[in-house]
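Line order of the protein sequences matches chains S, Z and X.
Take 40 as the starting number for the first sequence in the working numbering and just add one per residue.
Take 41 as the starting number for the second sequence in the working numbering and just add one per residue.
Take 7 as the starting number for the third sequence in the working numbering and just add one per residue.
Be careful, since some hints might not be right.
DSS-like mimics (lysine-lysine), calculated; alpha carbons at most 25 angstroms apart, straight line [to be verified]:
#  : chain 1 : residue 1 : chain 2 : residue 2
1  : X       : Lys274    : X       : Lys287
2  : Z       : Lys200    : X       : Lys274
3  : X       : Lys138    : X       : Lys57
4  : Z       : Lys543    : Z       : Lys396
5  : X       : Lys57     : X       : Lys103
6  : X       : Lys52     : X       : Lys144
7  : X       : Lys138    : X       : Lys103
8  : X       : Lys57     : Z       : Lys545
9  : X       : Lys144    : Z       : Lys396
10 : X       : Lys287    : Z       : Lys200
11 : X       : Lys274    : X       : Lys309
12 : Z       : Lys474    : X       : Lys144
13 : X       : Lys237    : X       : Lys287
14 : X       : Lys287    : X       : Lys277
15 : Z       : Lys396    : X       : Lys57
16 : X       : Lys52     : Z       : Lys103
17 : X       : Lys62     : Z       : Lys586
18 : X       : Lys229    : X       : Lys104
19 : S       : Lys42     : Z       : Lys542
20 : X       : Lys52     : X       : Lys62
21 : Z       : Lys200    : X       : Lys309
22 : X       : Lys138    : Z       : Lys474
23 : S       : Lys42     : S       : Lys144
24 : Z       : Lys200    : Z       : Lys103
25 : X       : Lys19     : Z       : Lys200
26 : X       : Lys57     : Z       : Lys586
27 : X       : Lys62     : X       : Lys138
28 : X       : Lys52     : Z       : Lys396
29 : Z       : Lys200    : Z       : Lys241
30 : Z       : Lys586    : Z       : Lys474
Just so you know, these hints were derived from the structure itself, not from any lab.
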Amino acid sequence: MNKVRFGMLLFVASESVFFILLMIAYMVYHVSSPSGADASRYLDVTRTAVFSAALFASSFTIWQAGIKSRTGSPRATLAWIAATIVLGTAFLVGEGTEYTDIISKGITVNRDLFGTTFFTLTGFHGLHVFVGLVLLSSLFGIGLKRGAGVGRLPAFESVTIYWHFVDTVWIFIFTIVYLWALR
Amino acid sequence: MNNETSASKTAESILDVLEYKGLLSWISSVDHKQIGIMYFVTSLLFLLVGVSEAMVMRTQLIKPNNHLLSPVTYNQVFSMHGTTMVFLAVMPLLIGFMIYFVPLMIGARDMAFPRMNALGYWLYLMGGLLLYFSFFTGDTLHMGWSAYAPLTETNYSMNKYMIGTGVDYWIIGILLTGAGSIMSSINILATVAFLRTPDMKLNLVPLFVWMSAANAVLILLAVPALNVALVMLFIDRHLHGFFFNPVAGGEPLLWEHYFWFFGHPEVYILILPGFGIISEVIPVFSQKPIFGYAFLAVATIAIAFLSFGVWAHHMFATGMDRTVYYVFALASMLIAIPTGVKIFNWIATMWGGSIKFETAMMFAVAFIMQFTIGGLSGVAFATVPIDWALTHTYFVVAHFHYTLLGGTLFTVMAGFYYWYPKITGRMLSEMLGKIQFWLMVIGFNGTFFILFFAGLEGMPRRVYTYRNLPYLANINLISSLSAYVLALGILLFFINLVVSLKKGKLAGDNPWDGWTLEWATTSPPPPHNFDRIPPVRSLRPLLDLKRERAGAGALDFYEGENG
Amino acid sequence: MTTFTSVLNPGTKQASEILSSFYIMLGVAAFIFAIVTGLTAYAVIKFRRRKGQAPKQFNENVRLEVLWIAIPTLIVSGLFVVAVWVMWEVNPSILGKKPDLTVVAHQWWWELHYSPSGVTAANEIHLPVGQKLLIRFKSADVIHTFWVPSFGQKIDVIPGHPNHLWLTIEHPGLYLGRCNSFCGLGHAHMGIMVVAQSPEDFNAWLAHQQQPAPPPSTDQAKKGFQVFINKNCGICHMTGIGPDLMHVGSRETLAAGTLSNTPANMAKWLKDPQAIKMGVKMPNNGLTTDQITYLTAYLEGLK
């Protein structure tokens, strides 16, 4: 444990409270608001499952990047980081498609409580993925200059923690929004 | 000792520190001491603003049916008073103490993340400025610092008297200061965890540091709850969402739950570092070690832990399920136990000591008694039926001023009289300090003790004018007049701060015979903090050093065994 | 008539119960405070610094610690029992009972619906003494709180969350209270007045309320009625947006306790409501002096 990693873990703890409360709000309104049940008509679990898989896979790729950097293979490290970025981007593109689709069906933040809670919850998660992609891209850039060493930077470690966190949050959101609420 | 620990050439007063010259050195600083001082200066200025707002309110309330201020103005003033005192004055004052003294007390060179430290400060400053900028837009928050929905929704906050932008500035301002305080808390925790001088085991960490760490945990886990609520409100206001808007099924109570899930830990955030200061000041001035160190540390953790399970006692009048009442009443009452442990341990620390009544110690003693009143009236609110009778009234106002003003602000005063010499190299005037102390004790108790009765006699909070019911005119008159005395005391403090900066007596390294590490370096400390860090073998490393120097066996300084 | 304004002057069974729990708490608090102050004062006087005396360096006593953990735990448990006991007494389950009165809170007045009589009134609440009454609360807009200090329990009035309150009023009299949650600009002018009467008087009042007010009799009042029609006052005052005015002339106060109900005050109110109660929904209707005189005569005649 070093202080950077410790600091990132604390940050993740703080962010967890943020997301837990957003998810509670989603569940409360799903139960209390008649529009909650409505959601099933617009959400497509299969489509979301596909781009979710991309995000879940990216947790694996960033883990591999860490391993490769420890064994000292700069190309493999960079390749795995790049794969993570591609998968993360794929997730965001998938989410973008979903947004366009349901917005075109008239579901917006200001339509009803489903719209308000759905876009807030998934939107904040998407924002976190985006921030993660920016961080990963910076690491990729550093990696181009410094080779495998990038995997041993405290920054790489903390971005890994952050990325796993973003991934874990999505497991919960997917479970709540697409599995529990659409059951 | 001076020669030992401060071998290098050092400044005698903060005004002579070369590294601190010029505006740029401050703006670009990542030094925890400089950032700490910036926290002090900024939050003290905001304190002054908050005090002025309080004086405006007390002037308005000096007689019944007063129409000096319009309700628009009065509502803005009381809302900004609360927001300012909580977010811009007291919380950053305490963070300032934490950032300045935690590294020094654990023998560190700086914080774990110096640049993030600076960012935290600038976010706080910008948030505060943004909040006050709202006055220039023609509208400022006017719903109270708790900003209950749906009053903050656009459909209720915009009318011909108000354009509603105040709420938006409040949201953004508080989000910024909140982000800043989360950064500070991560920083404090990492500093305490990783940068302690190697021989400082966890059971040798000064209590101020313990309590700062507990405080950081609270900030870390409580502030995001406020952030969520603010973000949701912002979405309601600007994207026309419905989180808190009953018009489309939104739930105003969710705001209360989230706000108080933050808000109750927040009140402990506002007192824990104060407890820490008291736990340093009382032993030093009693010339005895702190009594029940382990119990104090554990009590702190217990308070921090329990504080997350009591938020609904702010909502006892909302008509909840019976079970909910039981759980939260019990949890709220339980908090009284660790708090009591602290009070008794502090008294036991004084017991049998040789108490030096310098100003810092006087504030500490007054704090114990005033905070006891605050705490006991808090237990009244945990007793559900009493809460039903008295919540939302001036009884509450009296209660939380006893904890936050008679409590926290008095600890802050003790902290300044104790540590000002370390920060600046010069002593605060003890004479002015003692006058200030008595003005504040008389003014504070005169203002707020009588307000308990205002609540009992039927005076609601947050009204710009009130009916001439029996007793209320006299109660408010006494309260307002005392408030001016209190304000005079606070003004004297500011005068003392400024005058002593140049005219104060030179302090030397250790004017109070303190024994924690911050006294082992020069006053003000050099930019690198320590030339040499003394070994830490007990809670009082400097005392050990002194004894050692006096020669083995010659325990002329303090006799006894446990020290 | 006696006026009740203070928590310390209970007018209902429930308020007396709550006040006794408050006195128990006060006793406990005084006891603890006396101990803390006594010990502190003793320490401060006895252990002042004396030259040449080095204090003994003790810092632990587990027995003492156990003592001051155990005793507060006992005290707190006792208080918890008191709290639960009084809660049951004051706020028993409603068990499907129909409310005797429904109060709807508005920014910044109170709408009243009595059942089963169906009487609608505003701001001035008449209630019978000696009966256990169930009152239901709803909000038409933001969060308000119904607080009459001498009734003991207060209750938040929250949109979407109907709440209730039990009252057994013991003394006839005038009970003053106010809205107790900040609810906007007019919050300070959202008074409550409860007239507690003997059951006979209450029933007489109820019967009177069920009758329509007498038609305007004087010339001025008849003209005032025309003003009322022409200025479309009914758009708000007959639809629940503003207070029902059927018997406004019989009420003690105007604008939810802001002014006492005299013709002069009524005229002042009609001339510029915003100057008296800033933010109130009633606009300045630009009435001429004559119109105000007529309207005042009409409204004050609505007994």
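A quick look at each hint next to the structure:
1. X:Lys274 - X:Lys287: Within the cut-off at roughly 16 angstroms; holds.
2. Z:Lys200 - X:Lys274: Given that 25 angstroms is the threshold and the Cα spacing comes to 22 angstroms, the pair holds.
3. X:Lys138 - X:Lys57: violated, 70 angstroms
4. Z:Lys543 - Z:Lys396: holds, 24 angstroms
5. X:Lys57 - X:Lys103: Violated - the C-alpha atoms of Lys103 of chain X and Lys57 of chain X are around 75 angstroms apart, more than 25 angstroms.
6. X:Lys52 - X:Lys144: violated, 60 angstroms
7. X:Lys138 - X:Lys103: Distance of about 11 angstroms is within 25 angstroms: holds.
8. X:Lys57 - Z:Lys545: The hint holds at about 23 angstroms.
9. X:Lys144 - Z:Lys396: violated, 59 angstroms
10. X:Lys287 - Z:Lys200: Distance of about 11 angstroms is within 25 angstroms: holds.
11. X:Lys274 - X:Lys309: holds, 20 angstroms
12. Z:Lys474 - X:Lys144: violated, 54 angstroms
13. X:Lys237 - X:Lys287: Holds - the C-alpha atoms of Lys287 of chain X and Lys237 of chain X are around 15 angstroms apart, at most 25 angstroms.
14. X:Lys287 - X:Lys277: Holds, because 14 angstroms separates the two Cα atoms, which is no more than 25 angstroms.
15. Z:Lys396 - X:Lys57: At roughly 11 angstroms apart (the allowed maximum being 25 angstroms), Lys57 of chain X and Lys396 of chain Z satisfy the hint.
16. X:Lys52 - Z:Lys103: violated, 44 angstroms
17. X:Lys62 - Z:Lys586: holds, 17 angstroms
18. X:Lys229 - X:Lys104: Violated, at roughly 42 angstroms.
19. S:Lys42 - Z:Lys542: Not OK: Lys42 of chain S and Lys542 of chain Z at ~39 angstroms, beyond 25 angstroms, violated.
20. X:Lys52 - X:Lys62: holds, 14 angstroms
21. Z:Lys200 - X:Lys309: Given pair Lys200 of chain Z, Lys309 of chain X is violated - Cα atoms ~34 angstroms apart, limit 25 angstroms.
22. X:Lys138 - Z:Lys474: violated, 58 angstroms
23. S:Lys42 - S:Lys144: violated, 48 angstroms
24. Z:Lys200 - Z:Lys103: Roughly 29 angstroms between the alpha carbons, so the hint for Lys200 of chain Z and Lys103 of chain Z is violated.
25. X:Lys19 - Z:Lys200: violated, 44 angstroms
26. X:Lys57 - Z:Lys586: Between Lys57 of chain X and Lys586 of chain Z the Cα gap is close to 19 angstroms, so the pair holds against 25 angstroms.
27. X:Lys62 - X:Lys138: violated, 65 angstroms
28. X:Lys52 - Z:Lys396: holds, 12 angstroms
29. Z:Lys200 - Z:Lys241: violated, 62 angstroms
30. Z:Lys586 - Z:Lys474: Answer violated: Lys586 of chain Z to Lys474 of chain Z is near 30 angstroms, above 25 angstroms.
Comparing the model with each numbered hint stated earlier shows that hints 3, 5, 6, 9, 12, 16, 18, 19, 21, 22, 23, 24, 25, 27, 29 and 30 do not hold.
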